[in-house]
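On the provided structure of chain A, position chain B as indicated by the hints.
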Amino acid sequence: MRRKQIVSMAWQNMKQRRFRTSLTTLGVVIGITAIIGLASLGEGFRVTIKEQMEQGFELNVLTVMSGGLLTGVPSFFTEDDIQNISKIDGVVLATPLVQKSDVKLFNDNKNSTPLVMLAVDFSEFWTIYPDRLVFENGSLTQSTRNDTTVIGYNIQHPTEVESFANPGQNITIQMTLQRFPPRRENFTFNLAGTIAKSGAAGFINFDDAVFIPLETAQKVYNITSVDMIFVRLANPSYSDSVAKKIEERFGGSGEVRVLVPAAFLAQVETILNMLQIFLTAIASIALLVAGLGIMNIMTVSVMERTREIGILKAIGARSRTILTMFLTEAALIGFLGGILGVPLGYAVAQAMGQFLFRYSAQVTPERSIITGTRTHPITEISPVLTLEWAALAIGFAVGVSVLFGCYPARKASKLDPVKALRYE
Amino acid sequence: MGKVVVSALRGVSLKIEKGEFVAILGPSGSGKSTLLHVLGGLDRPDEGEVLIDGISLYKLNDNRLADVRLRKIGFVFQFFNLLPRLTSLRNVELPLTLADVSDRESTKKASEMLELVGLGDRVAHRPTELSGGEQQRVAIARALINDPKIVLADEPTGNLDTTTGGEIVHLMWRLNKEKGQTFVVVTHDPSVAENADRILFLKDGLIQGEKRGAGGVHH
Chain A
1 MRRKQIVSMA
11 WQNMKQRRFR
21 TSLTTLGVVI
31 GITAIIGLAS
41 LGEGFRVTIK
51 EQMEQGFELN
61 VLTVMSGGLL
71 TGVPSFFTED
81 DIQNISKIDG
91 VVLATPLVQK
101 SDVKLFNDNK
111 NSTPLVMLAV
121 DFSEFWTIYP
131 DRLVFENGSL
141 TQSTRNDTTV
151 IGYNIQHPTE
161 VESFANPGQN
171 ITIQMTLQRF
181 PPRRENFTFN
191 LAGTIAKSGA
201 AGFINFDDAV
211 FIPLETAQKV
221 YNITSVDMIF
231 VRLANPSYSD
241 SVAKKIEERF
251 GGSGEVRVLV
261 PAAFLAQVET
271 ILNMLQIFLT
281 AIASIALLVA
291 GLGIMNIMTV
301 SVMERTREIG
311 ILKAIGARSR
321 TILTMFLTEA
331 ALIGFLGGIL
341 GVPLGYAVAQ
351 AMGQFLFRYS
361 AQVTPERSII
371 TGTRTHPITE
381 ISPVLTLEWA
391 ALAIGFAVGV
401 SVLFGCYPAR
411 KASKLDPVKA
421 LRYE
Chain B
1 MGKVVVSALR
11 GVSLKIEKGE
21 FVAILGPSGS
31 GKSTLLHVLG
41 GLDRPDEGEV
51 LIDGISLYKL
61 NDNRLADVRL
71 RKIGFVFQFF
81 NLLPRLTSLR
91 NVELPLTLAD
101 VSDRESTKKA
111 SEMLELVGLG
121 DRVAHRPTEL
131 SGGEQQRVAI
141 ARALINDPKI
151 VLADEPTGNL
161 DTTTGGEIVH
171 LMWRLNKEKG
181 QTFVVVTHDP
191 SVAENADRIL
201 FLKDGLIQGE
211 KRGAGGVHH
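So the protein sequences, as listed, match chains A and B. According to my numbering, the stretch in the first sequence is residues 1 to 424, in order. According to my numbering, the stretch in the second sequence is residues 1 to 219, in order.
One chain only, chain A, in its complex shape (with noise of 0.2 Å):
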């Protein structure tokens, strides 16, 4: 017997119980939808938090910390140990940073509480991020003096309308050189310019900094040491061997810390593609479910038609016509319920992906877990859904239904031909 006539077959009895093969393929309709929801709508998810972590981390520098990342231990890198790390291959720039906190700004009657204070070569750390750190107003054009300041966004913005000072306004910055007892001393800074929001770099946000040169913090502070170093490299894929060597370099015991961005991205990536064949995997109980759905129905057809059979094969029909015939009423289902629930599932995850979002973003705090890397929280996701994921579950429904229909379908080629003629 010839495929298309199985199959035409196939489809006049379906056609005939229309109530019930349309219950059977609703199974698998809704199995696919869950499906294709939750893995175009995670697919989505990842593009869009993985879009804002590239936002936050400048893929190509390292930032090399001392100890653990909370441990803060000051003032640990020498001026040798930033001449080594820029000799390493693949770095094209290493630059110290000094970071104080327990700093105030005034301004005539205005005054403002930085979380941070940075003190960095301006050229170099310019270098560092040069598509981060725009100016909003004034810039670092002319040559720096050592009481050149910058301030970031949300010190120059403490309220939309509000602003902080001027570039070429001179400001006064409190730092606080002794904690116990409390010394704290004033000094004038000309503002050079401030910065656009930038987010934040790795664990830093520029966003609620204030920028000092170098040399003054380590006149003021009487440091000589840094306690960190920003390394830009040639390009990413540098990032693994920069970092060892670096490790390496300082015993490799965990003395210093390298903040490898590429790394935790591929981390994050890591966690997000987990997540997401958990989501599927879960979908996928319904499509099971839909299978149990067509073995059901499909025993209950076979009994129904157990004089059929043994008429069909009395008249000559072989076991496995019958067995062909009942596995394509299943991919049908399977198909055909693939076919309904591939869109279906788009939509659902369209419709999910506006709203869900849109009511979790209005208990969002301002700043995302992600260290301000976005302005905005995450109001919307787009699902994303590809032609091979489309592809494939269909090619699920149909191997989930034939894998359920093999019972039945086996049962009735089995079928005594004369017992089959004699059921009522």
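Note that these hints are calculated values from the structure, not bench results. Since this is a predicted model, take the numbers as computed values, not measurements. Among the hints, erroneous ones may be present.
What the hints assert, rightly or not - One-sided excerpt, in silico: chain A residues whose CB lies under 8 Å from chain B:
{"hint": "1", "residue": "Arg2"}
{"hint": "2", "residue": "Gln12"}
{"hint": "3", "residue": "Gln16"}
{"hint": "4", "residue": "Glu308"}
{"hint": "5", "residue": "Val418"}
Said to hold, decoys possible - Within a straight-line C-alpha distance of at most 20 Å, the following computed EDC-like cross-link-like pairs (lysine to aspartate or glutamate) qualify:
{"hint": "6", "chain 1": "A", "residue 1": "Lys419", "chain 2": "B", "residue 2": "Asp62"}
{"hint": "7", "chain 1": "A", "residue 1": "Lys4", "chain 2": "B", "residue 2": "Glu105"}
{"hint": "8", "chain 1": "A", "residue 1": "Lys414", "chain 2": "B", "residue 2": "Asp46"}
{"hint": "9", "chain 1": "A", "residue 1": "Lys419", "chain 2": "B", "residue 2": "Asp46"}
{"hint": "10", "chain 1": "A", "residue 1": "Lys414", "chain 2": "B", "residue 2": "Asp62"}
Stated by the list, open to error - Across the chosen pairs, the derived CB separations fall in these ranges:
{"hint": "11", "chain 1": "B", "residue 1": "Gly209", "chain 2": "A", "residue 2": "Leu403", "range": "54 to 62 Å"}
{"hint": "12", "chain 1": "A", "residue 1": "Ala347", "chain 2": "B", "residue 2": "Gly118", "range": "53 to 61 Å"}
{"hint": "13", "chain 1": "B", "residue 1": "Glu105", "chain 2": "A", "residue 2": "Ile285", "range": "45 to 53 Å"}
{"hint": "14", "chain 1": "A", "residue 1": "Leu403", "chain 2": "B", "residue 2": "Asp46", "range": "32 to 40 Å"}
{"hint": "15", "chain 1": "B", "residue 1": "Glu49", "chain 2": "A", "residue 2": "Lys419", "range": "16 to 24 Å"}
{"hint": "16", "chain 1": "A", "residue 1": "Val300", "chain 2": "B", "residue 2": "Pro27", "range": "31 to 39 Å"}
{"hint": "17", "chain 1": "B", "residue 1": "Gly19", "chain 2": "A", "residue 2": "Leu23", "range": "51 to 59 Å"}
{"hint": "18", "chain 1": "B", "residue 1": "Glu105", "chain 2": "A", "residue 2": "Thr386", "range": "44 to 52 Å"}
Even for Gly, the Cβ is constructed at its ideal location relative to N, Cα and C.
Using the frame of chain A, we list chain B on its own:
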């Protein structure tokens, strides 16, 4: 309780010639249907063999046996056994479909066959829309469509009134003479058997005797 072995047939030996019209007559429970099923390759006997054209049927595997049923044997049943959701035409086409004959050819052949059994105007009707006699004609058309050498009929008139039954028997007899196919008809009705070339009497699973029939001389 163990399985009880019921022997429907207990040592039947018979030979049927090509083109013969044989009636097997016997009361119900005599083993007629079982004999017919065994002859037609539907029911593997525990012992013994069936030879068709020198081929021992039950030495064949299930697939080959199905092929023999498809190409060499046509069945006619008491309860017609048509597929209710198919039209007469599609019912008759079924064996051709199984035999991989093209749609066009099978439609043509099936229409001709329905014409031959006098149902040329009933091709598009489903079994439920046909009378018992008409349904049995469709079943006969289906049995003959693959041009089998042997037609086996199991109480073909058992579900029909006397007049219609007579017509069906006449139709089978006519086809036997026109096409030279071998007919084996199982019945409990002597009036159905009397026109056969040969009548075999079956009782308790054994052939008790035989006699020559009218051989259609009355027709």
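Quick rundown of the hints versus the structure:
With its C-beta approaching chain B no nearer than about 6 Å, Arg2/A sits inside the 8 Å limit, and its interface hint holds. The criterion of a C-beta within 8 Å of any C-beta in chain B is met by Gln12/A, whose closest approach is roughly 7 Å, and the hint holds. About 5 Å separates the beta-carbon of Gln16/A from the nearest beta-carbon of chain B, less than 8 Å, and the hint is met. Given the 8 Å rule on beta carbons, the hint for Glu308/A holds: about 6 Å separates it from the nearest Cβ of chain B.
For Val418/A, the suggested interface contact is upheld, since its CB lies about 5 Å from the closest CB of chain B, less than 8 Å. A threshold of 20 Å between alpha carbons decides the hint, and for Lys419/A with Asp62/B the separation of about 16 Å falls inside it, so the pair holds. Of the pairs offered as hints, the one joining Lys4/A and Glu105/B holds, with about 16 Å between alpha carbons and a cut-off of 20 Å not exceeded. For a cut-off of 20 Å, the pair hint linking Lys414/A to Asp46/B stands: about 19 Å separates their Cα positions.
For a cut-off of 20 Å, the pair hint linking Lys419/A to Asp46/B stands: about 16 Å separates their Cα positions. About 11 Å separates the Cα atoms of Lys414/A and Asp62/B, which keeps this hinted pair within 20 Å; it holds. Distance hint check for Gly209/B and Leu403/A: the Cβ-Cβ separation is about 57 Å, which falls inside the suggested range of 54 to 62 Å. The beta-carbon spacing between Ala347/A and Gly118/B, approximately 57 Å, falls within the hinted interval of 53 to 61 Å.
With their beta carbons about 49 Å apart, Glu105/B and Ile285/A fall inside the hinted range of 45 to 53 Å. A hinted range of 32 to 40 Å for the beta carbons of Leu403/A and Asp46/B is consistent with their spacing of about 37 Å. A hinted range of 16 to 24 Å holds for the C-beta pair Glu49/B and Lys419/A, which are about 22 Å apart. Take Val300/A and Pro27/B: their Cβ atoms lie about 38 Å apart, and the range 31 to 39 Å holds.
Separation of Gly19/B from Leu23/A is about 54 Å and conforms to the stated range, judged on CB atoms against 51 to 59 Å. For Glu105/B paired with Thr386/A, a C-beta distance near 45 Å keeps the hint of 44 to 52 Å intact.
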